[in-house]
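Kindly generate the complete structure, drawing on both the sequences and the hints.
Here the protein sequences line up with chains Y and B, keeping their order.
If you're matching positions, the first sequence starts at 1 in this note's numbering and goes up one per residue.
If you're matching positions, the second sequence starts at 1001 in this note's numbering and goes up one per residue.
Hints are computed from structural coordinates only; laboratory data are not their basis.
We treat Cβ as the ideally placed atom computed from N, Cα and C, and that holds for glycine.
Be aware that one or more of the hints could be misleading.
[Unchecked claim] One side of the interface only, derived from the structure: several residues of chain Y facing chain B at Cβ under 8 Å:
id	residue
1	Glu194
2	Glu436
3	Ala539
4	Val547
Here is what each chain is made of, one letter per residue.
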Amino acid sequence: MQDDQDVVREFLVESHENLSRLDQDLVELETRPKDSALLASVFRTIHTIKGTCGFFAFSTLEKITHHAESLLSQLRDGQRELNPSLVSLILETVDATRRVLASIENTGKEGPDLYEDLTERLRTAAQNLGRTEKNSASQESPAAAEDPQDAGHASAAPGGTKTEEETARPSAVQEANIRVGVVLLDKLMDLVGELVLTRNRILQFNTEREDPALNSASQRLNLITTELQEGVMKTRMQPIGTVWNKLPRVVRDMAVALGKQIRLETDGAETELDRTIIEAIRDPLVHLVRNACDHGIEPPENRLRANKPPQGKLTLRAYHEGGQVNIEIGDDGAGIDVARVRQKAVEKGLLRPEQAQKLSDREALMLIFQPGFSTAQVVTNVSGRGVGMDVVRSNIEKIGGVVDISSQPGAGTTVKLKIPLTLAIIPGLVVISGGERFVIPQVSLLELIRMEGDSSERHIESIHGAPVYRRRGSLLPVAHLSQVLGLKLPEPSDVVSMVVLQAEDRQFGLVVDGINDTQEIVVKPLGKQLKGLPFYAGATIMGDGRVALILDVLGIGQCSGVLAKSREPSRNAAEHRTQSGNEQQRLLLFRAGSFERLVLPLSLVARLEEFPRSSIESAGGSQVVQYRNHILPLIRLRDVLSSGLQDQEPTTDPVQVIVVNNGDRSIGLEVDQILDIADEEVTIRQNSNRKGLLGSAVIGKRIADFLDLNDVLHASGQDWFQSGCASAAGRTVLVAEASSFARNLIRNSLDMAGYRVIEATNLDEAIRALEHRPVDMVLAALDLPPDGSSALRAAMGRRTDWKSIPALALVESAEQLQTPGGKARDSEDRQLKFDQQAVLESVARLASRQGSDEPALICAGEER
Amino acid sequence: MAANAVIVQADGAQTSSQLATFFVADLFFGVDVLCVQEVLRFQPMTSVPQAPKVIEGLINLRGQIVTAIDMRRRLQMPPRGGDKPPINVVVRTEDGAVSLLVDEIGDVLDVDTATWERTPESLDSCARELIRGVCKLRERLLLVLDTDKTVEIAAAVDSP
Chain Y
1 MQDDQDVVRE FLVESHENLS RLDQDLVELE TRPKDSALLA SVFRTIHTIK
51 GTCGFFAFST LEKITHHAES LLSQLRDGQR ELNPSLVSLI LETVDATRRV
101 LASIENTGKE GPDLYEDLTE RLRTAAQNLG RTEKNSASQE SPAAAEDPQD
151 AGHASAAPGG TKTEEETARP SAVQEANIRV GVVLLDKLMD LVGELVLTRN
201 RILQFNTERE DPALNSASQR LNLITTELQE GVMKTRMQPI GTVWNKLPRV
251 VRDMAVALGK QIRLETDGAE TELDRTIIEA IRDPLVHLVR NACDHGIEPP
301 ENRLRANKPP QGKLTLRAYH EGGQVNIEIG DDGAGIDVAR VRQKAVEKGL
351 LRPEQAQKLS DREALMLIFQ PGFSTAQVVT NVSGRGVGMD VVRSNIEKIG
401 GVVDISSQPG AGTTVKLKIP LTLAIIPGLV VISGGERFVI PQVSLLELIR
451 MEGDSSERHI ESIHGAPVYR RRGSLLPVAH LSQVLGLKLP EPSDVVSMVV
501 LQAEDRQFGL VVDGINDTQE IVVKPLGKQL KGLPFYAGAT IMGDGRVALI
551 LDVLGIGQCS GVLAKSREPS RNAAEHRTQS GNEQQRLLLF RAGSFERLVL
601 PLSLVARLEE FPRSSIESAG GSQVVQYRNH ILPLIRLRDV LSSGLQDQEP
651 TTDPVQVIVV NNGDRSIGLE VDQILDIADE EVTIRQNSNR KGLLGSAVIG
701 KRIADFLDLN DVLHASGQDW FQSGCASAAG RTVLVAEASS FARNLIRNSL
751 DMAGYRVIEA TNLDEAIRAL EHRPVDMVLA ALDLPPDGSS ALRAAMGRRT
801 DWKSIPALAL VESAEQLQTP GGKARDSEDR QLKFDQQAVL ESVARLASRQ
851 GSDEPALICA GEER
Chain B
1001 MAANAVIVQA DGAQTSSQLA TFFVADLFFG VDVLCVQEVL RFQPMTSVPQ
1051 APKVIEGLIN LRGQIVTAID MRRRLQMPPR GGDKPPINVV VRTEDGAVSL
1101 LVDEIGDVLD VDTATWERTP ESLDSCAREL IRGVCKLRER LLLVLDTDKT
1151 VEIAAAVDSP
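The following block contains the structure:
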């Protein structure tokens, strides 16, 4: 009895395998109806099932497959041509067979449905031909014995020896492969995981003892374990083609149902992924493909109207890239109407209209992954997608993957999935904090920074409780692991260890008490009691047998406030670059007097300090404080801004000071409170007439005022910036730039460096300014209205007295820094508009170069 | 209350009526012996920062990572005094094994289901939720612990 069941199970497994191949073969057959090898393979599959059915006395199944076989043998023998209705009929047979098999699997019986209608149709189809041709196939007797003969004839007839080989090959393959239960493989993987942990333990013992015998044995163990681990991992690797196999059928069915013509192309089906991951991406993939068929590819008549071939193309691509697998699902359909997506987001109440308009196209596209967007009516009619896309994203992210989408109106949409190769065993860095060990997944790790002695306190600076670190010239937000996790703080020490982590597209530093080493760790899930904690991705067992928690880098970043919780805005930071008028900037937010939210670009800020009020002294009528062996003049911002209005609000102690500097001179701005650092796309909404302010902008959803540093320094009677660098003294710089915000910022930094600045917003104004007074240097935006900075250059080139004025082109993005190849007639310098330091340096360089007759143009751009 | 009654009935039908017993402070608890995977002496524990307070930490149970719940805190009772380490009672739940840290372990008792009674309403609500019923043993009262509830609510306790 038990034996019988085993045999039946084997039959089921084999039949399922055959059927899934059949789906693919049949769809392929539709495109190559004359392919005899393919036909023979289809025939063989059906025939095998039929034969086994007879053995088990599954009469319904036998009847269905028998008639299908008759039909197929006619096709194979070339007695009739394959047409779509026949394919549909055979596919229907396949489906019926599947259902019966499922019933056998569940109940042991074939189930009540006899599929008489289907059998009848199959029979009629076979007989219809029988009338026109010689009747070879319509015997009613279940003569299974005849069929092998048939098959034999068939293989002899069309291709001679070739088909002979075809039949022989599968059996050879079968000998080289054995079927292994998935449960067993999973169990093996678990065991290897345990072995890896035990190995780690032994290795740790080994380092503690100095025993040569143990040493060599453990080295060997280490080696073998690694190889075993790789081997077992490989057994679990499956080509992604196993998931793709059923997609041709999905696409075909969708195409027929929707009256569309769709061709499916696949590339990289052999790309391998861990079994668990294959399982996890199965449904999202099918979903994306269905979506592409349904909403992406247009009906033939629309395609013709758009000058596209009537047959749509759906492309699946898979390839390895940097330890990950990328999967792309692309169509050449109508693309997504971004404006419509925006509109829908507003209608659905997900965004306010002005927010929707501010989004870049890419951000807007990502909206379709929002849960609220998931009903079909939302975007179907306008070619957008959105059915359950949020589920797709959450499923992919659950396995550590990333979803991205790009779309070109009229040209199609591509969804890109980035998937890790495996989940089970990953390399991780062990760190210590508060006496506990934690593991950081290696994929999130960018670099380790160790600060010793004096530098440790100098390098991590505090902006009112928000620590930052200067990493190669840019500020990196910093979190302390002990603080985030509420652990006891370490003894102050000379050495500070920091790991630089990346979560999504952003980076931050995490200060830990100590850094151990990297290890292969086995990720184990946490119990549901701890699932809700955002800090941990799981746990693992260390070499000493103790448990260590694996940190969730994104969660840590968000909880410590160094990463904003909303994920979309900065994910596509790169996209902002092409949008003019908006600038992505690091901004320091603070409060002074009646101004609740003041803003200064962080690039202008040197340091943030606290001084006890008692340390403020008076020198020469102004307030100063001793700071790093220098005297730091202080400006009380609230007094400057509220111009004489004496408010009685109590002053803070210690005093919060923003230090701005220029070369060797510094000045401190006394503010009431440092609020925050924001990474924002800034649009100056409104220019201000108020003294000391540039204008207002929306930052973090609230209005904030941009401080006009130049004006403030003037107003407070500080003239230190006039005496900047020697080369600057008295020189006049023309800044030609349309954006007032950019202009003001450049003016600010030039003013501070001691240059005299004239402004112009377009070509005419610039020329007028040049005519009006002598100018030593010109900074012109590359996109200066109306025709760009080259027009200004040309104009300057025509006049002998202007020819020698050095000029710099200001560009908005790093890409524009490159002069168009080959066309650079003379040395045209370009500079990022918002990189204050670089602009200043270029200006200083030009200033020193001036006098030689060599002309130069420097472009200023926006640094973000 | 109706819910409690149903639970008692259901239990009466399905329990083996063999209960593994343990002490938490002066309370005497029992859990279905079939739910108990094993009993261990105190294990090295890895604490989980920012976790609910009732979670004492994680232990390595032969390669399986098991969450340990401190029963005293779970029942909102004063902390364990003295230096006697608690004992792990590892129970099976729908979500895998969970360890309950108790003061002391008792015997496995055969209990007559007829002596079961609904939890008195006078008990404070926190403890009452976790107790399926009370067995009136001759010498003392045995509280039948609802292990699923005990491990389930753990996530909610202490977290805002």
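Where does the structure disagree with the numbered hints, that is, which hint numbers, in rising order? Violated hints: none; all satisfied.
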